[in-house]
Amino acid sequence: MTTRTHGGTLSRWLFLGEWRAHRIQAGTAIVAIALGVALGFAIHLINTAAFNEFSAAARSLSGQADLQVRGPQPTFDESLYPMLAQHTNVELANPVLELDVALPGNSGERKNSTLKILGLDIFRASDMAPDLIGIPAEDKLLDILADDAIFLSPAAMEWLGVKQGDPLQLRVGTQTITLRIAGGLRRARAGQRIGIMDIGAAQWHFHHLGQLSRIELKLVPGIDRAVFTAALGQELELRGQYLVTDTADQEARIANMSRAYRVNLNMLAMVALFTGAFLVFSTQALSVVRRRHQFALLRVLGLTRRQLLKQILFEGAALGSIGSLAGLVLGYLIAATALYYFGGDLGGGFFPGVRPSVHFDPSTTIVFFILGLGITLLGSAAPALEAASATPAPALKSGSEDAAFSKLATPWPAVVCLGAGGMLSQLPPVFDLPVFGYLAVALLLIGGIALMPRLSALVFSAILDAVTRRGHGAMPTLALARLANAPNQASVALGGVLASFTLVVAMAIMVASFRVSVDEWLKHILPADLYVRTAASGDTRGLRPDETKALAATPGIARADFFRSSQLVLDPSRPNVALIARPIDMADPGNTLPMTGDAIDADLLREDATPIWVSEAMVDLYAYTPGRRVTLPVAIPPPDFVVAGVWRDYGRQFGAIQMRLADYQALSGDQKVNDAALWLEAGVTPEEAIASLKRLPFGEALEFSEPAQIRALSLSIFDRSFAVTYLLEGVAIIIGLLGVAASFSAQALARGKEFGMLRHIGVTRRQILGMLAAEGGLLTTLGIVLGFALGWCISLILVFVVNPQSFHWTMRLSLPWSALLSVAAALLLSAALTALASGRHTVSSDVIRSVREDW
Amino acid sequence: MLELRNIGKAYSNGRRVLADLSYTLEAGEYVAVMGESGVGKSTLLNLIAGLDAPDTGEILINGVVMSSLDDDAATRRRRKELGFVFQAFHILPHLTLRQNVSLPLLLNGVQVEGAIEAAEKMLDAVGLNGRGAHFPRQLSGGELQRVAIGRALIHHPKLILADEPTGNLDPDTARDILMLMRTEIKVNGASGILVTHSRMAAATADRILVLTKDGLHPLGAVNSAALHQSG
Numbered sequence: 001m002t003t004r005t006h007g008g009t010l011s012r013w014l015f016l017g018e019w020r021a022h023r024i025q026a027g028t029a030i031v032a033i034a035l036g037v038a039l040g041f042a043i044h045l046i047n048t049a050a051f052n053e054f055s056a057a058a059r060s061l062s063g064q065a066d067l068q069v070r071g072p073q074p075t076f077d078e079s080l081y082p083m084l085a086q087h088t089n090v091e092l093a094n095p096v097l098e099l100d101v102a103l104p105g106n107s108g109e110r111k112n113s114t115l116k117i118l119g120l121d122i123f124r125a126s127d128m129a130p131d132l133i134g135i136p137a138e139d140k141l142l143d144i145l146a147d148d149a150i151f152l153s154p155a156a157m158e159w160l161g162v163k164q165g166d167p168l169q170l171r172v173g174t175q176t177i178t179l180r181i182a183g184g185l186r187r188a189r190a191g192q193r194i195g196i197m198d199i200g201a202a203q204w205h206f207h208h209l210g211q212l213s214r215i216e217l218k219l220v221p222g223i224d225r226a227v228f229t230a231a232l233g234q235e236l237e238l239r240g241q242y243l244v245t246d247t248a249d250q251e252a253r254i255a256n257m258s259r260a261y262r263v264n265l266n267m268l269a270m271v272a273l274f275t276g277a278f279l280v281f282s283t284q285a286l287s288v289v290r291r292r293h294q295f296a297l298l299r300v301l302g303l304t305r306r307q308l309l310k311q312i313l314f315e316g317a318a319l320g321s322i323g324s325l326a327g328l329v330l331g332y333l334i335a336a337t338a339l340y341y342f343g344g345d346l347g348g349g350f351f352p353g354v355r356p357s358v359h360f361d362p363s364t365t366i367v368f369f370i371l372g373l374g375i376t377l378l379g380s381a382a383p384a385l386e387a388a389s390a391t392p393a394p395a396l397k398s399g400s401e402d403a404a405f406s407k408l409a410t411p412w413p414a415v416v417c418l419g420a421g422g423m424l425s426q427l428p429p430v431f432d433l434p435v436f437g438y439l440a441v442a443l444l445l446i447g448g449i450a451l452m453p454r455l456s457a458l459v460f461s462a463i464l465d466a467v468t469r470r471g472h473g474a475m476p477t478l479a480l481a482r483l484a485n486a487p488n489q490a491s492v493a494l495g496g497v498l499a500s501f502t503l504v505v506a507m508a509i510m511v512a513s514f515r516v517s518v519d520e521w522l523k524h525i526l527p528a529d530l531y532v533r534t535a536a537s538g539d540t541r542g543l544r545p546d547e548t549k550a551l552a553a554t555p556g557i558a559r560a561d562f563f564r565s566s567q568l569v570l571d572p573s574r575p576n577v578a579l580i581a582r583p584i585d586m587a588d589p590g591n592t593l594p595m596t597g598d599a600i601d602a603d604l605l606r607e608d609a610t611p612i613w614v615s616e617a618m619v620d621l622y623a624y625t626p627g628r629r630v631t632l633p634v635a636i637p638p639p640d641f642v643v644a645g646v647w648r649d650y651g652r653q654f655g656a657i658q659m660r661l662a663d664y665q666a667l668s669g670d671q672k673v674n675d676a677a678l679w680l681e682a683g684v685t686p687e688e689a690i691a692s693l694k695r696l697p698f699g700e701a702l703e704f705s706e707p708a709q710i711r712a713l714s715l716s717i718f719d720r721s722f723a724v725t726y727l728l729e730g731v732a733i734i735i736g737l738l739g740v741a742a743s744f745s746a747q748a749l750a751r752g753k754e755f756g757m758l759r760h761i762g763v764t765r766r767q768i769l770g771m772l773a774a775e776g777g778l779l780t781t782l783g784i785v786l787g788f789a790l791g792w793c794i795s796l797i798l799v800f801v802v803n804p805q806s807f808h809w810t811m812r813l814s815l816p817w818s819a820l821l822s823v824a825a826a827l828l829l830s831a832a833l834t835a836l837a838s839g840r841h842t843v844s845s846d847v848i849r850s851v852r853e854d855w
Numbered sequence: 001m002l003e004l005r006n007i008g009k010a011y012s013n014g015r016r017v018l019a020d021l022s023y024t025l026e027a028g029e030y031v032a033v034m035g036e037s038g039v040g041k042s043t044l045l046n047l048i049a050g051l052d053a054p055d056t057g058e059i060l061i062n063g064v065v066m067s068s069l070d071d072d073a074a075t076r077r078r079r080k081e082l083g084f085v086f087q088a089f090h091i092l093p094h095l096t097l098r099q100n101v102s103l104p105l106l107l108n109g110v111q112v113e114g115a116i117e118a119a120e121k122m123l124d125a126v127g128l129n130g131r132g133a134h135f136p137r138q139l140s141g142g143e144l145q146r147v148a149i150g151r152a153l154i155h156h157p158k159l160i161l162a163d164e165p166t167g168n169l170d171p172d173t174a175r176d177i178l179m180l181m182r183t184e185i186k187v188n189g190a191s192g193i194l195v196t197h198s199r200m201a202a203a204t205a206d207r208i209l210v211l212t213k214d215g216l217h218p219l220g221a222v223n224s225a226a227l228h229q230s231g
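Residue numbers (our numbering), protein chains in the order written: chain A, 1 to 855; chain P, 1 to 231.
Since the hints were made in silico from the structure, they are not lab data. Some hints here could point you the wrong way.
[Stated by the list, open to error] Which bits of chain P does chain A cover? Going by a derived footprint, with three or more residues having C-beta under 8 Å, they are: (1) 44–56; (2) 68–82; (3) 100–113.
C-beta: ideal position from N, C-alpha, C; glycine also.
Construct the entire structure; sequences and hints are all you get.
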């Protein structure tokens, strides 16, 4: 105990002495770790809060149900209900019609939005989901059964700007219906926007007579849920296609919906922490080199290797602890602020209609603290081991500093990392996540950065030879000689900025590739002159056959294609698959669909199966490969289909199937359509066509969009969804530049004697500053060139491995040259100025003192 | 106290600096070692300190073969039994003088308060009374070397190793430092080896030895009075 106390005192003296003398370096490392931890923690808190709230809101719609029975399509015939309600093992069956109902186009800022409305049987629902029961006015208790009444949650009333007693207009097909707001709900989650109606009224108003979305079941106590689920599944097989699901399925479905997005965002947040780790490494490594003489002296005086190792790791742990704690506080504040002002949606659009609040979770907080501390210790480990293993006698002499990094010059670990990264990138996903893809990115990054010292020595030696031969001045020679002969320290200094720049290049190429591909895809899928619909989304939009006929016959319209969009449940634990029926040219489906190239020739398709064309996600998630025969629940019994080709879909990552509208209508009997694509006659402008269409009896209910508008809107949504990505990249760059500042100022301090000597032999301050700027600029230029190369390699993994494995879509590579060159130029200037500013202080110090100091 | 038995050492580039060197230093003896540059004087000190190992032969301190010890054991013996004074002072720049001087005591497990008190006394003894809270940057070269001597002696080591301790000092300061070092070594009852190029410095020791390729050759004892006359 006594010895530890003394060791602790000595340790504290050394640690505080170092920090007092180099506050800026220590502060920079702390800020870097704090920013990294803060971003990671904030994004995790926001995503978790949003996800939990979204799940809770979804769960609250099911009340206390043990099981749910639903169809593979959004609705099914209610004739199933009596059978389940009278089942001996079922205590209570609660029929539900759940619809997303469009708001009319004149709803101001809520235009293109939908309101979730549940049609409930009040007598059943009061037992199964009592929170969802409406509260009528005291003098109108029967409103609860009234066919024109709707009860809204507080969030829905606030969002719609209405109160009890007000009318509420909703869009059903081309009609606008008006309901009366009869009151609020017993209890709804904060931010949850829902409306509740009597189920019969809902079926009638929303044209879903005899249709249900699901039947919730509460089982007789003591019934084994798993056994009953299996038995009921078999019973229902005789009546058609039904799915019996439980809460776990629902949770898995919600988790699957946003998992890839959340994981990718978390990985991106880790980039900032990763860059911070390089900064800690460079700060610690340079600090160890600067204090090499001190450590050697301590070893001579009797400090053991283990004690020295512990001392350096302790200093790293102190940096990591302070940085991590600051990061946790900052992260919590960022998350609370972001959730308060922007809700839980970080741009992905996965969590609409909830208002989550941040929750303090001790276990997650500890994990992020350990992550920050662990990364700092990792950054400190290599310098600490080097310092502890150094032989004290040679280390006491001057000029041994670069020897401390001599192991870095060995290229083999870097080559092994690069090779392993290349190999891992070829491995398949794990649980639908590109785990090996991320590992490959990390290995390529580490390998590339580890190769920097070797490359620096090779490149700058060659330049030095050329400069020496041509007899350039002393200062360029001095700058180049240092870079060529002591490249290790310089390379360590650049580690952080190289890491961040590489990732910025990789992300920029990935985002640009994605954006260009989406733009081209939009051009391909929007060939018509004008698009018409009754509402942007929702379950109640659509055109009747007589309306489609009237549309097609409108003067100025040369051709009209109609679309029917619907949803299918193929796997209860996965999000719905989109089913789109439309005219498709059998001879050349590529005319209509953006095919990936995997297609079966029309002549080779068998006549006994209807062709469908599936998105890439269907191949990954359901193995719907070209030529495979499948059944789809579009009719009873489910008809056979053959996968005729694969098309690219950037709109639906969980899968989409297209088939010919005529096939769909013949098989399902469903004659309704949702959207229309119109080609105009020559000489007719879109404005003239719109004016003609508005003169139709239902014209005022139609919404019109030109392809350019849809493209512009889609791309602005795309940019918004990547806004948080740009923010994280920016922070990574700032951390990288902080690293440059810390490293160059540390080096400039360590080179005080060198500068003092140069001043003694007649070199001016300006010349020394010029030399520092040249060193910074040359090194950063090499870093930028390497960052480009490395970033390009990593972007290949992001584009061709991570994206297809995460989101199930492929894209073609595009390089955003102007953006990359701008960032590179800004970085070069910043690094040179940082190096210059860092050296200015040292060069201004006392020349005589600097050569007299023994270190 | 110290016994060198047939010591041989070559540098990693193959150049041999010490060959078959033998010598015995008695307890309380203070010797100066002179010799040409590169002959191996500093290497000899590093071997004695256990910072380096001889290729051949043995070094015994109080009967213990240093090369038989592992790094930790050698470090612990060095911490307890040896004191170092360097040409370049090597004072930790971010610690105060009292903290610098108390380092060996702390490493040897002495209570912090006791170590600080002893450091203040040692600073008094080396002529730096009341300077304990100062930082090294506030001192002259001679004063820094006084601190280094205080640090070398504070834990009462049995052997002091000094490598050109006055190489960076002016003659007057050098003479003061050498006298201080001799006095403190004698007062503490320690033995000492002083490596130097300077005859004046060597004259402060009890005996002068010359290191050549053939080994250590004694030149005989010189008393301090002679030093004052030559000084």
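**Message:** Taking beta carbons only, do three or more residues of the region 100–113 of chain P come closer than 8 Å to chain A?
**Reply:** Held - the region 100–113 of chain P has 9 residues with a Cβ nearer than 8 Å to chain A, which meets the minimum of three.
**Asked** Checking C-beta pairs, does the region 68–82 of chain P have three or more residues closer than 8 Å to chain A?
**Response** holds (count 7)
**Prompt:** the region 44–56 of chain P covered by chain A? Criterion: 3 or more residues, Cβ-Cβ distance below 8 Å.
**Reply:** holds (count 4)
The structure shown violates none of the earlier numbered hints.
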